Amino acid sequence: MTDNNMHGADDGRKGFWSWLSVNPGYRAISGVLLKTERRRFWLLAALPILWALVGNLGPIIKMFDISFYEAYPLTAGREVGYTLEHWRAFFTTHVFYVPFFRTIMFSMMLTASTLILTYPVAYFLARHVRKNRQMLFLLIVLIPFWVGEIVRTYAIMILLGNKGLINMLLQYVGFIERPIPFMYTSFSLGVGIVYLTSLYMLLPLYSALEKIPHSMSEAAADLGAGPWARFRRVTLPLSKAGIASGCTLVFLISTGFYATPVMLGGPSSTLFSETIAGTFAVAADRWPQGAMFSSIMLITTLTIAAIFLKIMGRGGKGVL
Amino acid sequence: MTRHTRIIMSMIYWAFIIYLFVPLSVMVLMGFKDSKFIGFPIKGYTLEWYRIVFQDMEVLSIFGYSLAIALASTFLALVIGTWAAILLSQKKFFGKMVVFALICLPAVIPGIISAIALRIFSQTINLNPGMLAIILGHTVHSVPFVVLVGMARLSSQPMSHVEAAQDLGADTVITFFRVTLPYMVPALIGAGIFCMLTSFDDFVRSFFLGGYEPTLPVYIFAQLRTGMSPEINAISAVVLLITAVLGLTAERLMRRM
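Going line by line, the protein sequences match chains A and B.
Each residue of the first sequence is one higher than the last, beginning at 531 in this note's numbering.
Each residue of the second sequence is one higher than the last, beginning at 1481 in this note's numbering.
Simulated from the structure, these hints should not be mistaken for laboratory data.
Certain hints may be false.
[To be verified] Think about it this way: if two alpha-carbon atoms lie no more than 30 Å apart in a straight line, the pair counts; the simulated DSSO-like pairs of lysine-lysine are:
id : chain 1 : residue 1 : chain 2 : residue 2
1  : A       : Lys592    : B       : Lys1523
2  : A       : Lys565    : B       : Lys1571
3  : A       : Lys592    : A       : Lys661
4  : A       : Lys840    : B       : Lys1523
5  : B       : Lys1572   : A       : Lys565
6  : B       : Lys1523   : A       : Lys770
7  : A       : Lys661    : B       : Lys1523
8  : B       : Lys1576   : A       : Lys565
9  : A       : Lys741    : B       : Lys1523
10 : B       : Lys1523   : A       : Lys693
11 : A       : Lys565    : A       : Lys592
12 : B       : Lys1576   : A       : Lys840
[Stated by the list, open to error] If we take Cβ atoms under 10 Å as the criterion, some of the chain B residues that face chain A in the derived model are:
id : residue
13 : Phe1501
14 : Phe1512
15 : Gly1519
16 : Tyr1530
17 : Ile1532
18 : Val1533
19 : Asp1536
20 : Met1537
21 : Val1539
22 : Ile1560
23 : Gly1561
24 : Ile1593
25 : Phe1683
Every value quoted in this text rests on a predicted model; they were computed, and no experiment measured them.
Note that the Cβ used here is the ideal one computed from N, Cα and C, for glycine as well.
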């Protein structure tokens, strides 16, 4: 590949580049712009740094800023007034903080369930499946994960509906007489979110487990460790990095879904993303409040992720 | 490991594969069902829903709109992402880790928060909800991915390539276009396809940043608010097919390099 690229440039392009490199106009400009090491650096660095500040950091800072505004978008001629009212209202209003804490708890529980569900899968894949089959498996499981949130959520709706596959199978084997109303509950929402996020757990776990040499377990077995002890004292600590990054990813991603809770959840499982979206609805127009909700959500999720990574990092060093 | 745990684990392994594929398979199957009602039992099969979808001008124009957004945001993400990847592959400079963290920031921000922040931001810079705002949002989301793939590719580039070009008299810009960029191309094509997929399938940013014209996922979402219908299954099946083909192509390109 490399060699092709090095020598395979067609003559037309070669002509252009050699023409350009002796072109007086270009020489004049590049002579000024590329003269010193420092200029070359800034020519390279200016755009990415500007992008990071304006495109990535700008919206977040503006969001924090707006959360202290009295009103936004501003009507003509109105001055910006700052207030702490939205932040106060959050901590004192039941319909605001209940979905918030529910979302945090729910995402943590889902992260734990995803870990428990995918750990055996990753372990089996890394340890008991032949190498060439492992690649095939990873390729196949990637397909559902490339498909977007909406299509996959819809697939879960069809699966769990009253006339869905699960209810039909249960009725067919005579387990139940009437369909179980799975939909619009925490259960359907949980199934949907795990369906959307499990790959983000599976891949880090797999790459951590795959790196552990078999000789480690064998050595432990020679020293008299049983299967459970081998798992708990050798495999589990060595896969800690995978667990840490998988859990962080799944936690952060699962708090960010909006369409899935709307489509699969019910009134008793309202998540905070729905509360946030409600403040941006055309009729509501409570932007500062929505900005405040988003800010508190961002601070909380990133803090939890940081604490978790810290604990896992330290624990990992202690074990090794 | 004992025999029993091994058998249990292989069962969990297969159950996981079934869990991944059954919902999508049932969804595709329902798109061929000879009835307006989504659910079992299935009495007969038809291609009628596909015919309706492919003749529906509204769906086709929404498809084109989503595709245009995906192409534009992918192009921008590739330019900015490649640029940033080269910057971050330079030898140490002051604040390198901070720049890296800032550039990858969108990758760790939950979707809804990123969408809201961008909605507020586009309001403050007087960018009305619509195509440009969605393109901005998708570009922000895609850049970290291009940067990570680009950096991985650059880490395997021998320094001698760049040095040889410079010994032969090429300046920094010409070295980039003649040596570094061609070396990155296979990785960038793969990354570009993934950016297109994430943009095309994105819901939350398109929903909050969009104007009256919906992208395809937003359209499906709106249709589902009024109830399921086999046309949605047909659209979803087409999306699934395109996604799988593009994704596997990108994966192959990135593996081969």
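- Query: For which of the previously enumerated hints does the structure constitute a violation, in increasing order of number?
  - Reply: 1, 3, 4, 6, 7, 9, 11, 14, 16, 17, 18, 19, 20, 21
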